[in-house]
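Visitor: So you can see what is in the structure, the chains are spelled out below.
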Amino acid sequence: MTEIAERSSPNPAVRRSAWAEAIRKEDWWAIWIGLGLIVVAVALFASGQSIKWIAVAPQKWSHLSDVAAQLSTHGVQYLALFVLWCVLFGIAAGALGFQSLRFLLSFSLLYVAALALYFLGLWDQASHYNLEPPLVALALGLLISNTVGVPKWADAGLRVEFYIKTGIVLLGTSLPLTLIAWAGPVAIVQAAIVSLVTFGVIYLTAIRLGLDRRLAAVLGTGGAVCGVSGSIAVAGAVGARKEQVSVAISLVVLWAIVMIFVLPLVARALGLSTGVAGAWIGTSEFADAAGLAAAQTYGGYAGHVPGITGNADAAVSAFTLMKVIGRDMWIGVWALVLSIVATTRWESTGVHNRAGIGEIWRRFPKFVLGFLLASAMVTWVAQGYSYAAYKQSVVPGLVAPLQALRTWAFTFAFLSIGLTTRVRDFVSVGARPFYAFTAGVVVNVVLGFVLSTQLFYGFWTRLGQ
Amino acid sequence: MIAFDTPGCARCRFFDPDARVIESELPGLRILSSAYGSVRSDDGLCRQHQRYVAASSICAAYREPAAALQPA
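So the protein lines, in turn, are chains A and B. Here the working numbering is used: position 139 in the first sequence is 140, and no number is missing along the way. Here the working numbering is used: position 23 in the second sequence is 1461, and no number is missing along the way.
Keep in mind that the hints were calculated from the coordinates and are not lab data. Only a predicted model underlies this, so the values are computations on that prediction, with no experimental measurement involved. Cβ atoms here follow ideal geometry from the backbone N, Cα and C, with glycine treated the same way. Worth double-checking, as some hints may not be accurate.
Heads up, incomplete: computed chain B residues facing chain A, CB under 7 Å, no partners named [to be verified]: (1) V1459; (2) Y1474; (3) S1476; (4) S1479; (5) Y1490; (6) A1504.
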């Protein structure tokens, strides 16, 4: 991997090797943890065993006595899984610089909350009362963090992005490489259309309203590419002012959280199939964690809400293809192009970015590599199995346990979103940035809807079947 | 005019790329993103210009780190 400052500094103190990069970025830790679990799972499966003992997950229940019975029967497994997550995430947290004790204390509480939420989602009356786990997690977290508050020491265990990236790597085992190859190009085309139009609307509206070009670009990529991560990447590339970054963060988070509730609600009212709704959410949500919360919520409606067709996993699959393959992967290209434009066309700030083509790799969200590798590994394992044999053998012995681990990781993330969202932390964004970003939100949602439900409707519907 | 061989922000005393500091000074960053992710690369906060800049950037206000100024 490229060393930082390779052109700018001969000082060994600031030169970092590829290996240093691999232990100080959470993307790589998500890969090590996700792929590590998959490798062990595949090895056990190949020897006629399975990781399903430790990849324990609640089953459907009707009465609290059922919950007590499940906990009594599988208590040791839940404890073992807790220890496994503590070891894996704890090592990563330590390497990233968090205090291990604080992480363990915080994660312990998070695990207990996630266990309760996992059980809640499998209550046979949960859909009747609209108790979708991602939404309950978010609402509960928001309530706690904005009323009684979350102590500072707990920050170490509330790592939304780390958990969501680990979950996405594990999600790769549910998406065959052939499916990614089939659907990826369509996702890229649809996402490219929406990204370019949304960026253009936000940027031009912001300029029209008299905002600084760097703020316009940071807002534009936040709305068009990958939410807060897009904003932060482009902010560094163009040298935005600190307060401009804060404005973009506040606006993206605000709209992303609103959309977690709004998109599934509207899609449900319109009776969209899971594949189509997932594609729409993937096009129109701003952040991976927020979008996965919305997509998983919608997937939960399949089979429970009359009129919603498609399988439950299709919403998450379509979302992931659209968001991760269609949008996230390209952030390095956006950053490079905008850094060149900022340096050559915009007014000088006194700081000059010398980014080169290596910028694309440096900013590449590396966890996507883990997602693709996970998909390739399970595709390779599944070779030689008929569809019936795959369903009978590979799914229960390999894929389903990994899906359970993925659900755990996502639940940690959904809980962490609410618990880290403190309304008082939002900066005052001002009317003009709000109008510019909101204009992009409106166009993004409408265009994403039209493309998902009209132009590519048949495609996303087939994915759900 | 800044010479192209000027040392970059990565080793400037005004440059702070610490992920913890970035997350504390940009509240809300860790809700739906992170300062520990690959997309941030090695960007950091410039205390001189009050900007968020790439480590490879250059500027006329460059200063050697305090430690580098100490006698051997």
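Visitor: If a hint holds in the structure, say so; if it doesn't, say that too.
Guide: A quick look at each hint next to the structure:
no.	hint	in the structure
1	V1459	violated, 11 Å
2	Y1474	holds, 4 Å
3	S1476	holds, 4 Å
4	S1479	holds, 4 Å
5	Y1490	holds, 5 Å
6	A1504	violated, 13 Å
When each numbered hint is compared with the structure, violations occur for hints 1 and 6.
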